[in-house]
Structure formats: structure tokens, C-alpha cells
Amino acid sequence: MDRLVARLIGAMTASRDPSSFDPESTARDLSPQLQAVDDMLGRQARGLRVPAGLIDRVFQASVGLLPGRVQSPQIEVVARIGLRRSWWSRAALAASIALACTASLRVVHTPTLPQLVWGIDAQIQPVYREVVGRTLSDMEHLLVTREMTIDDLDMELAMLAADLEM
Amino acid sequence: MSPSNQSETLQATLRRAAQGDDAAWRKLVETYAARVFGLIRAQCGNEDLAQEITQSTFCTVVVKIAQYTEVGKFESWLFRIAMNRLRDEMRRRKRQANPVQDDTLAGLAGAGDGADQTGVADTDELRALRAAMARLSEVDLRVIQLRHYGGLSFAQIAQVLGQPLGTVLARQHRALKKLRQLLGPDEAES
Numbered sequence: 001m002d003r004l005v006a007r008l009i010g011a012m013t014a015s016r017d018p019s020s021f022d023p024e025s026t027a028r029d030l031s032p033q034l035q036a037v038d039d040m041l042g043r044q045a046r047g048l049r050v051p052a053g054l055i056d057r058v059f060q061a062s063v064g065l066l067p068g069r070v071q072s073p074q075i076e077v078v079a080r081i082g083l084r085r086s087w088w089s090r091a092a093l094a095a096s097i098a099l100a101c102t103a104s105l106r107v108v109h110t111p112t113l114p115q116l117v118w119g120i121d122a123q124i125q126p127v128y129r130e131v132v133g134r135t136l137s138d139m140e141h142l143l144v145t146r147e148m149t150i151d152d153l154d155m156e157l158a159m160l161a162a163d164l165e166m
Numbered sequence: 001m002s003p004s005n006q007s008e009t010l011q012a013t014l015r016r017a018a019q020g021d022d023a024a025w026r027k028l029v030e031t032y033a034a035r036v037f038g039l040i041r042a043q044c045g046n047e048d049l050a051q052e053i054t055q056s057t058f059c060t061v062v063v064k065i066a067q068y069t070e071v072g073k074f075e076s077w078l079f080r081i082a083m084n085r086l087r088d089e090m091r092r093r094k095r096q097a098n099p100v101q102d103d104t105l106a107g108l109a110g111a112g113d114g115a116d117q118t119g120v121a122d123t124d125e126l127r128a129l130r131a132a133m134a135r136l137s138e139v140d141l142r143v144i145q146l147r148h149y150g151g152l153s154f155a156q157i158a159q160v161l162g163q164p165l166g167t168v169l170a171r172q173h174r175a176l177k178k179l180r181q182l183l184g185p186d187e188a189e190s
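Keeping their order, the protein sequence lines are chains A and B. Just so we're aligned: 62 in the working numbering is position 62 of the first sequence, and the numbers increase by one with no gaps anywhere. Just so we're aligned: 100 in the working numbering is position 100 of the second sequence, and the numbers increase by one with no gaps anywhere.
It is worth saying that the hints were derived from the structure and are not from the lab. Each residue gets a CB set at the ideal place from its N, CA and C atoms; glycine is no exception. Be a bit skeptical, because a hint or two may be false.
[Unchecked claim] Here are the computed distance ranges between Cβ atoms for each label pair:
| id | chain 1 | residue 1 | chain 2 | residue 2 | range |
| --- | --- | --- | --- | --- | --- |
| 1 | B | Arg-15 | A | Trp-88 | 44 to 50 Å |
| 2 | B | Arg-95 | A | Ile-97 | 48 to 54 Å |
| 3 | A | Gly-64 | B | Thr-9 | 21 to 27 Å |
[What the hints assert, rightly or not] With the C-beta cut set under 7 Å, the calculated list includes, among others, these residues of chain A facing chain B:
| id | residue |
| --- | --- |
| 4 | Val-50 |
| 5 | Gly-53 |
| 6 | Leu-136 |
[What the hints assert, rightly or not] Covered stretches of chain B, going by a simulated chain A footprint (3 or more residues, C-beta under 8 Å):
| id | stretch |
| --- | --- |
| 7 | 9-17 |
| 8 | 29-39 |
| 9 | 46-58 |
| 10 | 63-72 |
| 11 | 125-132 |
| 12 | 148-161 |
| 13 | 172-184 |
Just need the whole structure built from these sequences, with the hints factored in.
Here it is in C-alpha cells:
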């Protein structure tokens, strides 16, 4: 470990341009013993079998969701509406009056901007609290039961923070 | 192809996919689905679940692709989505006390009984390696899995895990050293 740290510091300080530091080459610079273990891991990973047809299944399941590909269902006329024109005009008039009344009532009770923001916030906060609360309670349980180390907790918290940022 | 050309090609492919181009999307699926599957398979030890998570990951990505702006972090973004999907599924199964849970959790820790836990044909060498991997801490194991099964660079692993690059490099070194100790000199150099 000390050798690695010394090598990292050496690599970073020896370079005039810090952006030219290449972690890949530094990490590849392993002792022959560790390189052998790394090679074994590589062999194991390369030997993994991908199930036949996986690519096609994944493609078929997702291609319909591409932007611009989600089509609205077509409305088909299954029968001719044979109602009398006068009935339709009365129904349309009644619907217009109902719509106008509803709209005017909503205009009278239009909330101010702070009320709107508070309303949205009030809807989001419980969901946010539930998700984060659940994750934290999981972590607490795992820590108490010693199923999780402090390192794991540190990584979980870092990932949770990154998720919230996303 | 040089890294800058690869990056430009990926950027162009992502742009075309975001515009609804089937062929571009197919190319992305062909390039990354096997890697996502490999990583998730190694982490959960369950082939069916790994396929399910892979499919769900790409469905999530395709829905968000129009809003995504490529700044060289597509792979980190993709693998993070996959790992989050797996984590959520494991939590859900744990809460529901699903009978599959024990096997799957053992797989998540990298434990193997030699029964083809990672989908790789068994040999003594690989059985020993899997047993040794089961004794790594989860954080160290994740670095190894992202590196070898996900095929990510160390910088990308740092992005996926939200950890500094130096920490990731140190963890990989620590993990290799521990594996070597556990395997013994003969096994590690065979």
C-alpha cells in the first residue's frame, strides 16, 4: 500500500501537467504476484456467458420507448352515432355552461405563487422523506446487526447523495 | 479507434438515439447490454434477475435519453442506473422475505459454492478465486466487479461509486493483495 501511495504521489508530482496523470497505467503497474491475481479475475470475467437472445430481448423491450416512438392509440369509429342533431346541441350547451362555471370558480380561488410552491413542496416532501427515510433505516438496521461495515455505509451514503443529485 | 474518436462516435450515436433512431439505439444496446448483464450477474449471482435488471436498465435509459447530455459520463450513468436497480430490487426482496433472497444475497456478496455462481465454467482455480472474493469487503468487491465485469476505467468507477479516484485505486490494490493472500502463492501464480 505504501508503495502504491508513493508511486501515486511520485507520478503526480513528477508530471509538469497534472492532467497528464494516467490512473490506468499507474494501476496496471502491479507486482507480478498481484498481476497474476488481476489476470485470473480477467479470465473469470471473460468466461461469463451472456444468455442467447439477451440483446434482442433488451432491444425489443426498449425500442418502443425511444423518443418520438410512443404512439397515441388510434381512435377508431366502431359505429355511426345516430343521435339526433338537436340532442347533441343541447348536450354541448350544457357542457359549455358547466365548464364555464367550473373555470370561473377556479379563477376566484386561484392560489398565489407562494401557496402553489408550498402545495407542490408539501406533495414532494413526504415522498422524499419516505425514500430517504427508508434507505437510512435500512442502513441503520444493517449497521446494528453488523451486516454492514463503516466502509459500506460510507459508499452507500455517497451513492445516495449522488442519486439525489441526479 | 482513439479515445477521442470513440467519444465522438458515442456522442453521435446518443444524439441519433435521442432523435428516435432505431439503429443507433440498437448499437448502444449491442455495445453495453452484455457488460451491464455481466456486472449485475456477478453481483447478484442470479441469471434471471440479471436479465430482468439489464432490461429494466435500458428501458430507464431510453426514456431519459432525450434529456441526457453526453459529457463523457454515459457509461458511469448507465452502470449507476443498473446498480441502483439491483439495489432497489434486493431491498424489495429482503422486505418481502422472498425465498430467493438467501441465494441472491449470497451472490451479491460474491459467495460461491462452486455451482457456477457467476455463470463461468467452473475450474479449481475459479472456484478458489470465487471463495476468496466472497471474503472481500463489499466496497472492495464492487471495485473489482466494475473493473472486470463492467469494463470501466478507474475514473469511471470513481464516478459510479461517488468516491475519489485515489480511494478507488487504493481499494483495487487492497483487494488484489487480499485475494493473493487468500489464494496463496501457488494458486495466484498458476
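Against the structure, the hints come out as follows:
1. B:Arg-15 <-> A:Trp-88: 44 to 50 Å: With Cβ atoms ~49 Å apart, the hint holds.
2. B:Arg-95 <-> A:Ile-97: 48 to 54 Å: Since the Cβ atoms of Arg-95 of chain B and Ile-97 of chain A sit about 51 Å apart, the hinted range of 48 to 54 Å holds.
3. A:Gly-64 <-> B:Thr-9: 21 to 27 Å: With Cβ atoms ~25 Å apart, the hint holds.
4. Val-50: Check passed: Cβ of Val-50 of chain A comes within 5 Å of chain B, closer than 7 Å.
5. Gly-53: Where the cut-off is 7 Å and the nearest Cβ of chain B is about 10 Å from Gly-53 of chain A, the hint is violated.
6. Leu-136: Result: violated, 12 Å to nearest chain B Cβ.
7. 9-17: violated (count 1)
8. 29-39: It holds: at least three residues are needed, and the stretch 29-39 of chain B offers 6 whose Cβ sits within less than 8 Å of chain A.
9. 46-58: As far as the stretch 46-58 of chain B goes, the hint holds, because 5 residues have Cβ atoms under 8 Å from chain A.
10. 63-72: Holds: 3 residues of the stretch 63-72 of chain B have a Cβ under 8 Å from chain A.
11. 125-132: holds (count 4)
12. 148-161: holds (count 6)
13. 172-184: holds (count 8)
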